[in-house]
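Protein chains: 2
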Amino acid sequence: MGLKAVVLLSGGIDSSTTLAIAKKKGFLVYSMSFDYGQRHALELEKARSIADLFKVEKHIVIKLNLRAFGGSALTDNIPVPKDRNEEAISQGIPVTYVPARNTIFLSLALGWAETLQAENIFLGVNAIDYSGYPDCRPEYIKAFQKMASLATKAGVEGKAKIKIQTPLINLTKAEIIKKGAELGVDFGLTHSCYDPLASGMSCGKCDSCLLRLKGFNMANLKDPLEYPAK
Amino acid sequence: MGLKAVVLLSGGIDSSTTLAIAKKKGFLVYSMSFDYGQRHALELEKARSIADLFKVEKHIVIKLNLRAFGGSALTDNIPVPKDRNEEAISQGIPVTYVPARNTIFLSLALGWAETLQAENIFLGVNAIDYSGYPDCRPEYIKAFQKMASLATKAGVEGKAKIKIQTPLINLTKAEIIKKGAELGVDFGLTHSCYDPLASGMSCGKCDSCLLRLKGFNMANLKDPLEYPAK
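Residue numbers (our numbering), protein chains in the order written: chain A, 200 to 429; chain B, 200 to 429.
Warning: the hint list may mix true and false statements.
Given that identical chains are not distinguished, each listed pair holds provided it fits within a single copy or across any two copies.
Result set (DSSO-like, lysine-lysine): computed pairs, CA atoms no more than 27 Å apart in a straight line [stated by the list, open to error]:
no.	residue 1	residue 2
1	LYS378	LYS421
2	LYS360	LYS222
3	LYS341	LYS362
4	LYS377	LYS262
It should be emphasised that the hints constitute simulated quantities derived from the structure, not laboratory data. Small disclaimer: the values here were computed from a predicted structure and weren't measured.
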């Protein structure tokens, strides 16, 4: 029997590739998504399709009303920026930042990992194309891991500690896409858009769509998703 | 205008006293409770009564289905232990431990604090009568604070850092009760029982009732709650 791992799965390119990496390494994968009041539920369906594709042991969706405190374009009534150039995207923390999101998601993964007696949590953060989110930096991940090892029964009882695995942390978006393609991720099942059209089609103009399209371009691969004609 | 603080409020003695301390210190208090699939919703009503009593700025309840991963007598179908003696209570981590609970709650408080631009989070943990929970230890709190300061916009932008305030950490239950009484906490509005009767009356036999009753006894105060006749 393999070791268990909890994988945080949003249904985007990064988390889907991370799940594929955890499977490739031989872990029994338990994937976890969040219904946190994001504007569109489409990414939850996509996450489940990816979980099915990779035959995970179990996939759960945690409901969590982050709208109760708002503060982000993804959960509040703040417009999603469109058609920004690379310089604008790379400067400062965007309005699509959800306060403390990775901390909240990792904490819930920690709770499930403790219940499952899984010692590994996989998170698809990336320090290169990270759009300025503070909770995607390596020093943050290290501090979370230290806190987590003190938070749990295992920490008290001197058993093995929780490891936060971030296999994408030093990869560019293009490298992530190549890696995912090698490992069998069907990018047609993934979702990146912050603000899809009513039909579900990605907008092609938000920061997330622009980073995705640039990544496919740099990887010399074709994005299987459709976008509106320009 | 005073400084803002987020206070984690379960409606028990410790969190209610902590809220009273935050008010006494002059903070504008934003209180936060969790509907996390605990067996009884009574403590959520009690928490709201305490928030009303102390006229907080805002009280929110975050819904969160921790039952999705189970693993605790408080969220799963595991019996709550009764009539244990002090030695049994003080040994090991009880089945009422909810995996990573304080980490999950603090993470959500961190998200709200960031939205409110509050720099202080109050948590009523206690290292003395802490019943063996790993996430009530001072070294855990310190590690959380360090992680939190790296997780947020403020951490990136070099602004003031988040402070996790734990004013009860070195007090006994009796000292907490005395402090709360001085600051006007109506203990008749608080709730401690892990397994109340159908009428809502506290059982008087679970670890939490036993610690509460011992605390009132040591403080030479009368617990205003009623308990079943022995």
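Verification of the supplied hints:
Proximity of LYS378 and LYS421 under a CA criterion of 27 Å is satisfied intra-copy only: 14 Å inside one chain copy versus 65 Å between copies. Taking the shortest Cα distances, LYS360 and LYS222 sit within 27 Å of each other inside one copy (21 Å), while across copies they are farther apart (38 Å). Within a single copy, LYS341 and LYS362 get their C-alpha atoms as close as 10 Å, and across copies as close as 19 Å, so both meet the 27 Å cut-off. With identical chains, the CA atoms of LYS377 and LYS262 are never at most 27 Å apart, being 32 Å at best within one copy and 38 Å at best between copies.
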